[in-house]
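The task is simple: from the sequences and hints, build the whole structure.
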Amino acid sequence: MSESLVTFNNVSRFYGEVLGINNVSLTIPPGITSLVGPNGSGKTTLMNLMTGLIRPTEGEIRVLGIAPDHPEKLCRVAGYCTQYDAFPKGLTGYQFLYSYLRVFGMSHAECDERTLAAMQLVGLSDAAQRTVASYSKGMRQRIKLAQAVAHDPQVMVLDEPLNGLDPLARSEAIALFRQWGEKGRHVIVSSHILHEVDQISDQVILLSQGYVVAEGKIQGVRSEVKDQPMQILVRCDRPGMLAARLFQQDHVVEAKIHADGKGLLLRTKDADSFYLLLNRVILDSGLEVESVAPADDDVNSVYQYLIGGEGSAL
Amino acid sequence: MNQIGAVLRLEMKKTFLSKRGWWIYLLAIGPVFLTLMHWLVEMRFHSARHSLGEDSVVFAALYHFYFLRCGIFFGCMGIFSNLFRGEMLEKTLHYYYLTPLRRELLVAGKYVAGLASALVLFVGSTALSFLLIGRHFGPAWTDYLLHGPGLSQLGSYVLVTALACIGYGAVFLMCGILFRNPMIAAAVVWVWENLNPFLPSLLKKISVIFYLKNLCPVEVPIPPPFNVMVVETDPTPFWIAVPGLLAVALILLAYSAISARQLEISYGE
Numbered sequence: 001m002s003e004s005l006v007t008f009n010n011v012s013r014f015y016g017e018v019l020g021i022n023n024v025s026l027t028i029p030p031g032i033t034s035l036v037g038p039n040g041s042g043k044t045t046l047m048n049l050m051t052g053l054i055r056p057t058e059g060e061i062r063v064l065g066i067a068p069d070h071p072e073k074l075c076r077v078a079g080y081c082t083q084y085d086a087f088p089k090g091l092t093g094y095q096f097l098y099s100y101l102r103v104f105g106m107s108h109a110e111c112d113e114r115t116l117a118a119m120q121l122v123g124l125s126d127a128a129q130r131t132v133a134s135y136s137k138g139m140r141q142r143i144k145l146a147q148a149v150a151h152d153p154q155v156m157v158l159d160e161p162l163n164g165l166d167p168l169a170r171s172e173a174i175a176l177f178r179q180w181g182e183k184g185r186h187v188i189v190s191s192h193i194l195h196e197v198d199q200i201s202d203q204v205i206l207l208s209q210g211y212v213v214a215e216g217k218i219q220g221v222r223s224e225v226k227d228q229p230m231q232i233l234v235r236c237d238r239p240g241m242l243a244a245r246l247f248q249q250d251h252v253v254e255a256k257i258h259a260d261g262k263g264l265l266l267r268t269k270d271a272d273s274f275y276l277l278l279n280r281v282i283l284d285s286g287l288e289v290e291s292v293a294p295a296d297d298d299v300n301s302v303y304q305y306l307i308g309g310e311g312s313a314l
Numbered sequence: 001m002n003q004i005g006a007v008l009r010l011e012m013k014k015t016f017l018s019k020r021g022w023w024i025y026l027l028a029i030g031p032v033f034l035t036l037m038h039w040l041v042e043m044r045f046h047s048a049r050h051s052l053g054e055d056s057v058v059f060a061a062l063y064h065f066y067f068l069r070c071g072i073f074f075g076c077m078g079i080f081s082n083l084f085r086g087e088m089l090e091k092t093l094h095y096y097y098l099t100p101l102r103r104e105l106l107v108a109g110k111y112v113a114g115l116a117s118a119l120v121l122f123v124g125s126t127a128l129s130f131l132l133i134g135r136h137f138g139p140a141w142t143d144y145l146l147h148g149p150g151l152s153q154l155g156s157y158v159l160v161t162a163l164a165c166i167g168y169g170a171v172f173l174m175c176g177i178l179f180r181n182p183m184i185a186a187a188v189v190w191v192w193e194n195l196n197p198f199l200p201s202l203l204k205k206i207s208v209i210f211y212l213k214n215l216c217p218v219e220v221p222i223p224p225p226f227n228v229m230v231v232e233t234d235p236t237p238f239w240i241a242v243p244g245l246l247a248v249a250l251i252l253l254a255y256s257a258i259s260a261r262q263l264e265i266s267y268g269e
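Chains as they are written, first to last, in the working numbering: chain A, 1 to 314; chain B, 1 to 269.
Treat the hints with care, since some could be wrong.
[Said to hold, decoys possible] With a straight-line cut-off of 30 Å between C-alpha atoms, the simulated DSS-like cross-links for lysine-lysine are:
1. A:K89 <-> B:K13
2. A:K89 <-> B:K19
3. B:K205 <-> A:K89
4. A:K73 <-> B:K91
5. A:K217 <-> A:K183
6. B:K13 <-> A:K137
7. B:K204 <-> A:K137
8. B:K91 <-> B:K14
9. B:K14 <-> A:K137
10. A:K89 <-> A:K137
11. A:K256 <-> A:K217
12. B:K19 <-> A:K137
13. A:K73 <-> B:K14
14. A:K89 <-> A:K73
15. B:K91 <-> A:K89
16. A:K183 <-> A:K73
17. B:K19 <-> B:K91
18. A:K73 <-> B:K13
19. B:K13 <-> B:K91
20. A:K269 <-> A:K256
21. A:K217 <-> A:K269
[Unchecked claim] A few chain A positions that, by computed beta-carbon distances, are all more than 12 Å from chain B:
22. E3
23. L101
24. I174
Please keep in mind that the hints were generated in silico from the structure rather than gathered at the bench. Keep in mind the model is a prediction, meaning the values are calculated, not measured. Note that the Cβ used here is the ideal one computed from N, Cα and C, for glycine as well.
Quick look at the structure:
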């Protein structure tokens, strides 16, 4: 089983006296996993650790069963698009991808084929013969992404991969991540853009000050946050009547009728009790309900609840 | 071997004849330019104020005091210490560290690439300078080269240059991995190497220049007033000096490989 997982077992990393991450234990399954947290929370440290660029002060890491201090094995199954916006001088986009693929020990023909495929994947085929130094920020971001995945790794670690991309390129990149995730690969992404994280993630890992605050599917994480009343939006024909019934309950903290008169946003400490009550109201009074949906089980809300004001950098 | 070849090709593409190495090319071209000027001036004015033997001593002095103590030393420093440190400063070393390449092979590939550049530049410069310095003697110089000691002297100079590149290359590659600022380490090594004639016998032997000097075909005495401070030591035989230097280079490379394996990529952040 651990052969298909990325695992951190009580991993700590200190930079001198400065904490990078502390006592992190994680299991990352295949699919898209987003690392979310403010600057300095430990996202990049976590990524550098799992790709072997740095070593843990304590603990054990395995990527598909491989220890990161065996780059000969690890780098065949993992690719890392780092945050560093730097490239070897004087190389064209094609040379950049091709040359590092050759270091993998592949033949000229295979490297050529993979380079062209990777450049096409990120939409840079036309710029292949231009030096990377002449690329725009978005193009540099795309060539880094191409370089990280050109060898077709099983685990893709992508540090802020959407930075600098225009909206079209973003949606193309997100589509690629989804495609990889659906193929059963590990796509581990850090991002500051929470609504995009929400769109793409199969699971999230929330980090704060070097600690993992929460991990798992975002709805599951939200339901674990007991101290914050859950927000639920009910679209129905008589929100006023529903609000009156709800106010008789202890667990309902707040209820607001929507401006169009067709919806009710409420906050409850006990979602299960609310759903039972709603069923009863529908049966008793024939309330016509169009939709019922949680309004705060997105990454942004969970992030605000768990990490709060620290997220100002986001 | 495929992987070392790939590193070698990539390194040559990135660094050989790159703009930022201009000062290293100047160090290599400088003596060629001087000897070329010497030839042209002698050809133009036919001064003939010196003999062929004197030119040979002049070249020996140029070799001892410029090539060994300055040109090759600083050239190797520029080439080899940047192989790792340069990539750390430019934040590009992680591209190598994210390939399935054993760090030992990375060190070997980079070293061979640096060595190829250094050999082309400094062996070329040494040979050209030697061939040009007596060129104005015409047939006498050709005769000196082909039938006299010229060719064997040239061979010795080329060998010493190659050994210097191998030895200093290994020293500076290691400095580039171990030290954030390899210039300080280079300055210490340079002072040590230049103090060599004045050191006690035992300390003399802990250097590169001591062995190289002994392999040079023409000895150049230290000029007065410094000559009184020179400590005379028996020269090391060829069969010890050459394998000894190669062994030291190998040990330094092995240590560099271990250090490269332990190296973390954080670029000082």
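Checked hints:
1. Proposed proximity of A:K89 and B:K13 is supported: the alpha carbons are some 9 Å apart, at most 30 Å.
2. A hinted pair counts as satisfied when its Cα atoms are at most 30 Å apart, and A:K89 with B:K19 qualifies at roughly 10 Å.
3. For the given pair, B:K205 sits about 40 Å from A:K89 by alpha-carbon distance, which is inconsistent with the 30 Å threshold.
4. The suggested pairing of A:K73 with B:K91 holds, with an alpha-carbon distance near 23 Å, which does not exceed 30 Å.
5. Between A:K217 and A:K183 the alpha-carbon distance is near 19 Å, which keeps this suggested pair within the 30 Å criterion.
6. Between B:K13 and A:K137 the alpha-carbon distance is near 24 Å, which keeps this suggested pair within the 30 Å criterion.
7. For a cut-off of 30 Å, the pair hint linking B:K204 to A:K137 is broken: about 54 Å separates their Cα positions.
8. Taken as a hint, the B:K91 and B:K14 pair is honoured in the structure, with Cα atoms around 14 Å apart against an allowance of 30 Å.
9. Distance hint between B:K14 and A:K137 is fulfilled; the C-alpha atoms sit about 22 Å from each other, no more than 30 Å.
10. A threshold of 30 Å between alpha carbons decides the hint, and for A:K89 with A:K137 the separation of about 16 Å falls inside it, so the pair holds.
11. A threshold of 30 Å between alpha carbons decides the hint, and for A:K256 with A:K217 the separation of about 28 Å falls inside it, so the pair holds.
12. Restraint check: the Cα-Cα separation between B:K19 and A:K137 comes to about 24 Å, which is no more than 30 Å; the hinted pair holds.
13. Taking the CA atoms of A:K73 and B:K14, the gap is about 27 Å. The hint holds against a cut of 30 Å.
14. Pair hint A:K89 plus A:K73 holds up; C-alpha atoms about 28 Å apart against a cutoff of 30 Å.
15. Distance check on the hinted pair: B:K91 and A:K89 sit about 11 Å apart at the alpha-carbon level, within 30 Å; holds.
16. As the CA atoms of A:K183 and A:K73 are separated by approximately 21 Å, the hinted pair is consistent with the 30 Å bound.
17. For the hint linking B:K19 to B:K91, the alpha-carbon distance of about 19 Å falls within 30 Å, and the restraint holds.
18. Distance hint between A:K73 and B:K13 is fulfilled; the C-alpha atoms sit about 27 Å from each other, no more than 30 Å.
19. About 18 Å separates the Cα atoms of B:K13 and B:K91, which keeps this hinted pair within 30 Å; it holds.
20. As the CA atoms of A:K269 and A:K256 are separated by approximately 16 Å, the hinted pair is consistent with the 30 Å bound.
21. Between A:K217 and A:K269 the CA atoms are separated by roughly 21 Å; this keeps the pair inside 30 Å, and the hint holds.
22. The Cβ of A:E3 sits about 18 Å from the closest Cβ of chain B, beyond the 12 Å cut-off, so the non-interface label holds.
23. Distance to chain B contradicts A:L101 as a non-interface residue, since its nearest Cβ pair spans about 8 Å, not more than 12 Å.
24. For A:I174, the requirement that its beta carbon stay farther than 12 Å from each beta carbon of chain B is met, with the minimum near 23 Å.
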